[in-house]
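K.L.:
Fit chains B and C to the given chain A structure using the hints.
Take a look at the letters that make up each chain.
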Amino acid sequence: MTATPLWAQLINLLAAVVLLLAFAMLAQRRVLTLIDLFAAQGLALASSTAIVAFATGQRHLYWSAGLTLILKVALLPWLLHRLIRKLDVRWDVEGLINIPMTMLIGIVLVVFAFNLALPISQLANTVTRATLGIAMASVMLSFLMMITRRKAIPQVIGFLSMENGLFFAATSATYGMPMVVELGIALDVLVGMLILGVFFFQIREQFDSLDLKHLERLKEEE
Amino acid sequence: MTATGILSQLLQLTVALLLAPLLVGWVNQCRAWLANKSAPSLFLPYRTIRKLFHKDAVVAENASAIFRLTPYIVFGAMALAAAIVPSLATDLPFAHAADAIALVGLFALARVFIALAAMDIGTAFGTMGARREMLVGFLAEPALLMVLFTASLLSGSTSLPTIVETLANRDIAIYPSLAFAGVAFTMVSLAENARIPIDNPATHLELTMIHEAMTLEYSARHLALIEWASALKLFNYSCIGLALFLPFGIAQGSSDWLAILGATPVLIAKLAVGGFALALIETLSAKLRIFRAPEFLGTAFLLAVLAMLVNMLLGS
Amino acid sequence: MIEILVILGFPVAGALVLAAVGHRDQASTVNVVVCLATFLSAVALTVRVISDGPLLVLDRLFFVDPFNVFLVALTAFVGFTTSIFSRPYMRIEREHGRLTHARLRLYHSMFQVFNFTMLLALLTNNMGILWVALEAATLATVLLVSLYRTPASLEAAWKYFILCGVGIAQALFGTILLYFAAEKLLGAGGGALLWTELNAVKGQLEPTVLSLAFVFLLVGYGTKVGLVPLHNWLPDAHAEGPTPVSAVLSGLLLNVALYAVVRCKVLVDGSLQTSFAKGLMMGFGMLSVVVAAFLLSRQKDIKRLFAYSSIEHMGIITFAFGMGGPIASFAGLLHMTVHSLTKSAIFFAVGHAAQKTGTQLMDGIRGLITISPAIGWGLVLGTLAILGMPPFGVFASEFLILTTAMREQPWATPLLLLSLGVAFAAVFSRVQPMAFGETTGKQLPHRPAMIPVFVHLAIVLMLGLWIPPFLADWYRQAAKLIG
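For the protein sequence lines, the chains are A, B and C, in the order given. Numbering follows this note's numbering, in which position 99 of the first sequence is assigned residue number 99; successive positions increment by one, without gaps. If you want this note's numbering, it's the position in the second sequence, counting the first as 1, plus 1000. If you want this note's numbering, it's the position in the third sequence, counting the first as 1, plus 2000.
This is chain A alone, in the form it adopts within the complex:
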């Protein structure tokens, strides 16, 4: 076996960690830990991007990594923590289906994502093309997390982690999008979070709870 260079091993390891964290978020019961897992995922992403930048000499990836670090590891988790403190919520996350079942469905989705990514990986010419499957898998897992959660904040974290996965996919397939687009996306995410924060207060004010079952009154037959 030819030895793969150290940076390739590290990238593979970080990719595996990202996938692991996506599953861990799926199985997590406590909201505070969920936010920390999300921050850890952002950290793994930023490190991976920085390593790719170092190994391939693409300077603009350093900026991407820095942006991810500031936004996803520092700013968004801080906002979420503040939100939780103000809303004073400490619940256990309830899911629509139990956790082992969720994980089994997650595995099926991962296999599906790997299959989907295979033809694209073969066409790519980046060093990180193998990790595209992992990126897609973490997108699907975040999607699953959004669908199976009853409370507002885990749904939002699922949404943000989906965006993490998409960013990872962009970095691994094409060394990232043009900077202007990435800045736009980052801005959207940030503004979205701020709007959500305001929104949570509105929901709380109205319902005295952030359980989403209150938000299911409008049905088809109205």
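Just so you know, the hints here were simulated from the structure itself, not pulled from any lab data. Among the hints, a few may not be true.
[Unchecked claim] Partner residues are not named here, just some residues of chain A that face chain B (Cβ under 10 Å, in silico):
#, residue
1, A16
2, V17
3, L19
4, F23
5, A27
6, N98
7, L118
8, A130
[As the list claims (entries may be wrong)] Ranges of calculated distance between the beta carbons of each label pair, as one might list FRET restraints:
#, chain 1, residue 1, chain 2, residue 2, range
9, B, A1057, A, T33, 46 to 54 Å
10, A, P5, C, G2187, 23 to 31 Å
11, A, I70, C, G2187, 25 to 33 Å
12, A, L187, C, P2207, 30 to 38 Å
13, C, I2002, A, L190, 27 to 35 Å
[Claimed, not checked] A few chain C residues that face chain A, going by a derived Cβ cut-off under 7 Å, partial list only:
#, residue
14, E2135
15, L2154
16, F2173
17, I2176
All values derive from a computational prediction rather than experimental measurement. The beta-carbon is built from N, C-alpha and C at its ideal position, and this holds for glycine as well.
P.N.:
Using the frame of chain A, we list chains B and C on its own:
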């Protein structure tokens, strides 16, 4: 079937049979140290087994042949497993009897017989223990299989000696799939060997027993064999883990008997460290509620599948 | 080029100003003035494009061709008329106590921000910026949907945010795949996301990647168009938000999202040379038409009724673009225009009707013509227009689509006819008692702003009878572009 092969086989089997209770004693000692208690003697499990052999066996009236035969079957299965798993050398004549998958089957055989024997008498504890054991086994077995599959994928064969030889000769590198598989394997061995967080080996409370509930009815030589078999099971699992993830020091191919002899201290050292790690994990964790056990094992299964998938995708 | 900067600059300036003074009485007038300025600049731009041809300006960042120039004009126009409508409407809402000062500021500034994002999405050449603009449009309107803070509106806004957010994430992945395919040919850097560049090399883009990208883009942007089965957010968002927001959502956002889909379809068709994209669009379009038509009869809330009608019409347009060919694309573009105008007119009328009678449930609204003839007739005429009665413009476009379908996709014709018939029966049977019937409502003293309604309807009528040559020319050129 070379001379060194037969020698290594016999040596490995003897070492396993002799050292297994010592491993249990060592783990108990470490647990006591970590809990700041004074430990029982390191050789206490030997004395327990010897004491039990001297007693008269008491068997319930309505016990069938299964009840009487099970201890022998279980002990035989564990001993055979000890002969198959490459702990000292990879040149094992018995290894052709079973590959990794059949090894899991051996463990399953033992589990089935113990569960049947537990239900044989018809007491409430026995049935309850059998039920819980099957629940744990139902999830633990696929996880173990997946871990072994990952190792097989990496080495291209399901025969344990081949796996060990391939893994021992790889470059030192970071293998995410092996990392995941390692964590999954640890979780599975904790479950299968009735350790915290799945089961407390020292408890006899109805609420919390799994393994102990199945062996409540046994006495004397039957109990001795079952206790020895449990120790052998722990030994086997440890050796499988060492063979898959830390295969250094195992005498490979048809090496001379010096290397085989030299592998023994290496094994003892590795087992000592492993035993201490086990005690550490047990001390730091709390026992899970029974209905959380499926989640724990589900996570293990998940990690093992992930290891396999990551291996297939990333090639490492 | 200056027109483009001005078109984009006015809404931004308006948003900033209105964020500060949005609660004063003159705020709505400021809103109207800014929208008028935007509209006039849009007119200037269209005049320029008519005379000079397509524009590619500012380092290829902005691109104006026949396809999007008329959409720009339409967006600016509908924005302008909606701002006129919103003046008395919001004043009445405030008198009824449903809005506070802070909310009015939010409303006015977000209205301008929404306009800005729509125009940016239409004018940009960069597919990435298109995505950013569409996402920003969702964000701008989320808080507007929940403006009234009722439980139902909060739920509607939450659904809107999550569903459109997830959808737009799929579209982001599609955009990434598009970039991935283009990067091989055009190199890294911003050039690979520019539509003009992509259009030039579309024959050489990798087909597998593009087909996968199109699926994601269709699902993603299609969520914002309201295609079934991704339409769940639409009826709620229309019903619970303030009426001007419903009008711009139906009239503008759906159109711009479909514009994004069609831009991608052009690329995919060029790359794949099969009817993969067309088939997908036809399928989704037809599904939307049928499902929406059959769900129409179950609605009790008038705004939800017309929201489903929007889904149905967007389905028809998608189907038309899916069929392709000069006539169908021409019809699709015409339908986009007239639907936008008619639907916003209907929503204006409905808004005032709901205000007069105090309820949005159709059973509670009766005899509008006696309460206020302007509202009543506006509603009736608008309904007739949207249901495809001649001589209104909707009839012309639907007729063209049906005849093309009969020629090229005969399987679709019975489904289309059936759905249109079902929709007609469902809607008209509801609107008729609302307009004519015995009334229990009071004659409220305020005068509704019905001028925008009748202006829209008049334009639609004109388009049904006679399409101005420059417009027809545009449509033809754009149809040729769409293929």
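K.L.:
Against this structure, judge whether each hint is valid.
P.N.:
Hint check:
1. A16: Holds, because the Cβ-Cβ distance from A16 of chain A to chain B comes to roughly 4 Å (cut-off 10 Å).
2. V17: Cβ of V17 of chain A sits 8 Å from chain B, so the hint holds.
3. L19: 7 Å, holds
4. F23: Holds: closest Cβ of chain B sits about 6 Å from F23 of chain A, inside 10 Å.
5. A27: Holds - the Cβ of A27 of chain A comes within 10 Å of chain B, reaching about 6 Å at its closest.
6. N98: At about 8 Å, which falls below the 10 Å cut-off, the nearest Cβ of chain B leaves the hint on N98 of chain A intact, so it holds.
7. L118: 9 Å, holds
8. A130: 5 Å, holds
9. B:A1057 to A:T33: 46 to 54 Å: 51 Å, holds
10. A:P5 to C:G2187: 23 to 31 Å: This hint holds: roughly 26 Å between Cβ atoms.
11. A:I70 to C:G2187: 25 to 33 Å: 29 Å, holds
12. A:L187 to C:P2207: 30 to 38 Å: 33 Å, holds
13. C:I2002 to A:L190: 27 to 35 Å: Taking Cβ atoms as reference, I2002 of chain C and L190 of chain A lie about 31 Å apart, which means the hint holds.
14. E2135: 5 Å, holds
15. L2154: 5 Å, holds
16. F2173: 6 Å, holds
17. I2176: Hint holds; I2176 of chain C Cβ to chain A Cβ min 5 Å, cut 7 Å.
Violated hints: none; the structure is consistent with every hint.
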